[in-house]
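Using the hints, position chain B against chain A.
Listed below, chain by chain, are the residues.
Number of protein chains: 2
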Amino acid sequence: MSTYLMTLQYDGTRYNGWQKQGNTPNTIQEKLESLLTRLYGFPVEIAGSGRTDAGVHALGQTASFRIPDKADHYSCEDLFSQMNLYLPLDIRVLSVIPAGERFHARLLAKSKIYEYRIDTGSPADVFHRRYALHVQERLDMAAMEEAARRLTGAHDFLGFCANKHMKKSSLRTIYHIELRQEGVFLIISFCGNGFLYNMVRIMTGTLIEVGLHQKSPEDIDQILWQRDRSLAGFTAPPQGLFLVSVSYQ
Amino acid sequence: MSTYLMTLQYDGTRYNGWQKQGNTPNTIQEKLESLLTRLYGFPVEIAGSGRTDAGVHALGQTASFRIPDKADHYSCEDLFSQMNLYLPLDIRVLSVIPAGERFHARLLAKSKIYEYRIDTGSPADVFHRRYALHVQERLDMAAMEEAARRLTGAHDFLGFCANKHMKKSSLRTIYHIELRQEGVFLIISFCGNGFLYNMVRIMTGTLIEVGLHQKSPEDIDQILWQRDRSLAGFTAPPQGLFLVSVSYQ
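Sequences listed follow chains A and B, in order. At the far end of the first sequence sits residue 255, using the working numbering, and the numbering has no gaps. At the far end of the second sequence sits residue 255, using the working numbering, and the numbering has no gaps.
No lab work stands behind these hints: they were computed from the structure. Being a predicted model, the structure only gives us computed values, none of them experimental. For each residue, glycine too, the CB sits at the ideal point set by N, CA and C. Any given hint could be a false lead.
Claimed, not checked - Here are some of the chain A residues that sit facing chain B, going by a computed Cβ distance under 10 Å:
1. GLN15
2. TYR46
3. GLY47
4. HIS63
5. ASN90
6. TYR92
7. LEU95
8. ASP96
9. ILE97
10. SER128
11. HIS140
12. ARG144
What the hints assert, rightly or not - Which chain A residues stay away from chain B? Per the calculated CB distances, all over 10 Å, these:
13. ASP84
14. PRO129
15. LEU145
So here's chain A without its partners, still in its complex pose (with noise of 0.2 Å):
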């Protein structure tokens, strides 16, 4: 068997999302395996490092698949070229590289990094329409800084997780989270061992209300404490989020 690690980068706008629950057309995975399939001339299924919820971007998806050696026909320059060339053009493969033989996108991911993207200006530039959240309402950076600062660190994040019946753990690691700004546009980039189901937007969407004023910061320890996703934020809308990279480290 033949191990190979792909980087991606998809416009979420069009998208289902990276899979969905059940048999959900117009996935992203669906993309990449149906061409992968068409290729190879036998089913060649992947592994994503993680979902993307419909209409979310990504920078620097990963994903992997295997293809046994009397198959293994393409070389990875074979296999970038032959994608970009047949995937529509909001889906691009950055990079292929081979991996080890027991190598997986998802089960050996260390860490990820999200964006969320959020347009101050007035108006909202046209540009970023689909790529940003626009908020024309003043945020209060200090406050959405100290509220991100108790976000970060191991918690159990049930409050900040969309499944109410999740069964496994929903304890997660959260390095760091870092606010800044870049002309009108508010970037907030998490970067954690794992994200749960909805997570960073409903992360964003509180920390948004933090800095409208209609949370405080210390509301952060009593979601944490409670684990009751109703006295958590919002959840951000797709547009503005952006996998940006996963590591293996």
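Only chain B this time, still in chain A's reference frame:
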């Protein structure tokens, strides 16, 4: 009469340009005029600084319109907020200011800046697929700079005009052309006192052909001298072109 000057940003992807010859539907001008007509309750006509082609974008298009004093119900702030409330999200009003009664956005324009964006990365950036031309082959920047130098100045640009039957003067002055690299993007910026039909796109196509060594910088002098469109390069596609600003000074 009160005269207003608007500055506009738009994503041209969905539109048939600023205004087409005849009554093509779905133009930027039509969207703005029908909204102003609705707001004021009588037909309002606007004068853009010039037409942009189908698919061309604007960071700072300008347009003026006149309102009889007895109907002048809206302040500039009202117009800014009402227009941004009702316009589609791919057209935004950046500012509305009062102008002298005899102001006219096209007739009084002194100079314009256009930018053409080329994505030289591999693969193409998915988030710029509608906002740049992808050129994968290496471009000789020094040759392009030399060709740009030869285009600069006062010339008869008929060889760079898509309209064969120009009756008016095809003399224009280009004040400067700047090539700059921003990451994998090569941006060509053109500042001039006016541009003929498709002139920026034909100059861009010609500069790209010089960068690919399909033409030499010296060919520019021949195209200008012969005034023959067939000697110039291809018409670069609209999605890479941005009207950046219009100056009245």
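Tested hints:
Interface restraint check for GLN15 of chain A: the shortest CB-CB distance to chain B comes to about 5 Å, inside 10 Å, so the restraint holds. Interface hint at TYR46 of chain A: violated, since its Cβ lies 21 Å from the closest Cβ of chain B, which is beyond the 10 Å cut-off. Evaluation of the GLY47 of chain A hint against chain B yields a violated restraint, the C-beta minimum of about 24 Å exceeding 10 Å. This hint holds: HIS63 of chain A has a C-beta 8 Å from the nearest C-beta of chain B, less than the 10 Å allowed.
The beta carbon of ASN90 of chain A is positioned within 10 Å of a beta carbon in chain B (closest approach about 5 Å), and the interface hint is therefore held. Interface hint status for TYR92 of chain A: violated, as the beta-carbon distance to the closest one in chain B is roughly 12 Å, over 10 Å. Here the hint on LEU95 of chain A is kept, as its CB sits about 5 Å from the closest CB of chain B, short of 10 Å. Here the hint on ASP96 of chain A is kept, as its CB sits about 5 Å from the closest CB of chain B, short of 10 Å.
This hint holds: ILE97 of chain A has a C-beta 7 Å from the nearest C-beta of chain B, less than the 10 Å allowed. The interface hint given for SER128 of chain A holds, since its Cβ lies 8 Å from the closest Cβ of chain B, which is under the 10 Å cut-off. At its closest, the beta carbon of HIS140 of chain A sits 9 Å from a beta carbon of chain B; the interface hint therefore holds under the 10 Å criterion. A cut of 10 Å between beta carbons decides the hint on ARG144 of chain A: the least distance to chain B is about 17 Å, and the hint is violated.
With a least beta-carbon separation of about 14 Å from chain B, ASP84 of chain A lies farther than 10 Å from that chain, consistent with its non-interface assignment. Against the 10 Å criterion, PRO129 of chain A falls within the reach of chain B, whose nearest CB is about 4 Å from its own CB. The Cβ of LEU145 of chain A sits about 20 Å from the closest Cβ of chain B, beyond the 10 Å cut-off, so the non-interface label holds.
Going down the numbered hints, you'll see the structure goes against 2, 3, 6, 12, 14, while the others check out.
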